[in-house]
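Chain by chain, the residues run as shown.
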Amino acid sequence: MIRAIRACKTAAEERAVVRKECASIRAAISENDQDYRHRNLAKLMFIHMLGYPTHFGQMECLKLIASPGFPEKRIGYLGLMLLLDERQEVLMLVTNSIKQDLNHTNQYIVGLALCALGNICSAEMARDLAPEVERLLQFRDPNIRKKAALCSIRIIKKVPDLAENFINPAAALLKEKHHGVLLTGVQLCTDMCKVSTEALEYFRLKCIDGLVKVLKDLANSPYAPEYDVSGIADPFLHIRLLRLLRVLGQGDAEASDTMNDILAQVATKTESNKNAGNAILYECVATIMSIEENGGLRVLAVNILGRFLSSRDNNIRYVALNMLMKAISLDSQAVQRHRATILECVKDSDASIRKRALELVYLLVNESNVKSLTKELVDYLEISDPEFKGDLTAKICSIVEKFSPEKIWYIDQMLKVLSEAGNNVKDEVWHALIVVITNASNLHGYTVRLLYKYVQAAGEQETLIRVAVWCIGEYGEMLVANAGVLDIEDPMTITEADAVDVVETAIKRHSLDLTTRAMCLIALLKLSSRFPSCSKRINDIILHHKGSFVLELQQRAIEFNSIIEKHEKIRSALVERMPVLDEATFSGRRAGSIPAAVSTSQGAAPKVPNGVFKPASAPLVDLLDLSSDDTPAPSSSGGDFLQDLLGVDLSPASSQGTNQAQKSGTDVLLDLLSIGTPPAQSSSSTLDMLSPSQGNKKPVDMLNDLASPSAPSAQVFSPAKKSPMMDLLDGFGPSPPAPVAETNGSTYPSVVAFESTSLKITFSFSKDPGNPQTTSIEAQFANKSPNIYSNFVFQSAVPKFLQLHLDPASSNTLPASGNGSITQKLRVSNSQHGKKSLVMRIRISYKVNEKDVLEEGQINNFPRGL
Amino acid sequence: MGYDRKIHFVLLISRQGKVRLTKWYSPYTQKERTKIIRELSGTILTRAPKLCNFVEWRGFKVVYKRYASLYFCMCVDQDDNELEILEIIHHFVEILDRYFGSVCELDLIFNFHKAYFVLDEILIAGELQESSKKTVARLIAAQDSLVEVAKEQESSISNIIAQATK
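Line by line, the protein sequences are chains A and B.
Quick note on numbering: the first sequence equals residues 1 to 866 in the UniProt record's numbering.
Quick note on numbering: the second sequence equals residues 1 to 166 in the UniProt record's numbering.
Chain A extracted, bound-state conformation (with noise of 0.2 angstroms):
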């Protein structure tokens, strides 16, 4: 049958035979042919071995190792140990014979049952037969005896709350002479070790001297040829023995200290230029290193593991990267010894070697080394195997987040990183770089310049593309304008035209995708407004993408084309900067101990330069603000931005882009964005709010709101509202109220819209006659406390229906017990008006005496008809 298997040219021949053979097995089978039986499960073992279904052999097994001779019995528990393994019921039909045989008077039959016992006995079985094999331990012949003592391992490993009554048995296995029974005697004492601390104590206390004997006559013993392994009285003997005063030695000094002189004579005096002896020496040394305390043993140990780094075998290189993993936390300076050597391993040409020793320099990186470290692992990205690259760039990756020692540092490495091994890098590598990069504000030029010159040379690496196309569309005119040159970059000239076309090539790229593609187009939009030379062309290009197919890229351009023909004049507040991001947060997000929150630090808000980027919004806001042109508030470059973004409403698709790019990014804003509007609606709003028209299509409305207003008694309070009336006008401090009600038809009681123990804020309202969905609010803040409020931030969040405008606070200091107050305006306007009231949650944070705080709350008890 063999030969006709093996005479198969095709898969399809072999299955022919295959199934021929298994038809007339089966047909055996069922005959319950007896003299072919043996043979039968001999055919049936070999088809079992090509990967063929043999399930209806099982039987036959169990009917072969029941019948009484030998060579039955013998290829009946050979197919038990191939066909079955412990999970399958049959096992426990078989229970019966393996006990009988266990107690045969023939000792090979006695050995065939204990050996599939050890290999496949379940729990059950182990149960059922422990006393028997506790029983052949002591069995005259000591060959039963080993295989006895490997199956009570078995045992044990199934039901460990038999391992005391093997204790004794396996204690006297250690004084045996015979090789096999003190090997597998040793075995059994270890594993027993492991299952229960009874047998730990006891091996200590009685076994720990006989067994430093035993190890020593074995290294001392002359020249035995029936054991002797290149020169070495049998190898593995020696190993299991220190495995096991490994076991007995750690966390107990008196045992380890028993143990010393031995294992300094193993460590000095095995022969070390075949394997077997370096095997003894590395199971050796494994013992040092586990057992107490020893400083002369640990040197030898790591001298030991030198030699072996230096060794030109690479099994023997490899082990010692192995044991050094270990070794370094006992003893990290003699490991960085070797840390050009480690560092050499990482470049070897055995992906098993590489593998190891990029494990032990990501251990041996701290603060001292990080850098040049780091930069031997970059440079050989550049030439490393793809298959390495993967593993390599995670690692190198991990090293900077956690190690970089400073931002430029860090933006470096990783742009390096990028360049080389861009697709390599995972999402939140980079996403976490950009959160980096945004709060570096002195380095945002020199980073845009960089990645503008790695994309010149690297365009295939997608992270790097998405990256650099994130800055330039960013801090484009730093890149054009060689806004804040560092001592150490080469000037270069860039042109707007030059900036366009990078994230031209990068769109018109096809092996791009599409998380990419809409990086690129918002890129565009934000340059069409920082390059007006160049809006025309980007024009073009976006409207190039009309067409795409794909619907996220088509909606895109349709909506960033209209922006740049038809809103021109809210463009350039649409596109501002991203605010930015907060590293906490984000790395919260990353770890996933943060639940949903959001935050943007203002500490870290870069400088805006005074006018520059203030938001030019709407003229619309600015005819109704009073202050924001006097206090071009620095809070107006952080936080508010996000509600600008979201609430001005202008674009819903940008800012539903900048969430892609930015949740792809970094969460952090998916909170905030989330309550933003989809597209679809709010762009009808957008619609809304820019056609006044709009508003006088729905007198009903109108009328509705002049009306609520005219019962002021019934200003719909919410429940938890507590403070009367009165208090409001008290908050009233220095800054006189706005001239609102000159501008607007009908007049609104203020509320309390928030208060705490130690902030107040107040609302005031006022609407402009001719759009009836628009409120504007004064937000007043009053500070309760007895101290002085800084970094104060006010940040509000509402629901789909309505879109909100947060104009700059007056200012973002706010004197203590009530000695002045902050304005802030707000435009919300409601799509659902008439029918759906405001609603608001909100946010503050502020500074106390250096201690962030954060408050928040929501807002139901704004009047009706708003």
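Hints were generated in silico from the structure; no laboratory data involved.
Keep in mind it's a predicted model, so treat the numbers as computed, not measured.
Hints are supplied without guarantee of correctness; some may be wrong.
Stated by the list, open to error - With the Cβ distance kept under 10 angstroms, some of the chain B side facing chain A (calculated, not the full set): (1) Tyr25; (2) Pro27; (3) Ser41; (4) Leu45; (5) Lys50; (6) Ile88; (7) Tyr116; (8) Ile124; (9) Lys134.
All C-beta atoms, glycine included, are put in the ideal place defined by N, C-alpha and C.
Since the structure of chain A is already known, use the hints to place chain B on it.
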């Protein structure tokens, strides 16, 4: 240190990727076994000759060594002694060699059951049971002769029956 540290399986694969012997000391389903064999023969057979004899695989280590056209592979835990496993493989090969008289791949194909018998005298439960090649050879020989005796008896009995019924 792993709780269940041992040899998890032994594989013999020919250079063409054909399986010549498999022995599993840890439970794997038939599906897993096929997958493991496929994955490992993919990685091991493609490795260049001078590289080290260890492959890291799913948190385990596979120690392999090539003898003529056959790869002997053993899968062990991450912290086992790889060098020793190499010695065990060599031990196994030497015993096979002695038993078959300079073993070749064909011996293992046509007498695969004998190869298993040998392995069962060397390993039980994924642990080494005998470090003496001589002892293993003696035990196998003793069992083989038991089989021979039984066969002879059988044929003599069948001869007697045949003669009696002639």
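Tested hints:
no.: 1; hint: Tyr25; verdict: 6 angstroms, holds
no.: 2; hint: Pro27; verdict: 5 angstroms, holds
no.: 3; hint: Ser41; verdict: 12 angstroms, violated
no.: 4; hint: Leu45; verdict: 14 angstroms, violated
no.: 5; hint: Lys50; verdict: 7 angstroms, holds
no.: 6; hint: Ile88; verdict: 7 angstroms, holds
no.: 7; hint: Tyr116; verdict: 6 angstroms, holds
no.: 8; hint: Ile124; verdict: 4 angstroms, holds
no.: 9; hint: Lys134; verdict: 5 angstroms, holds
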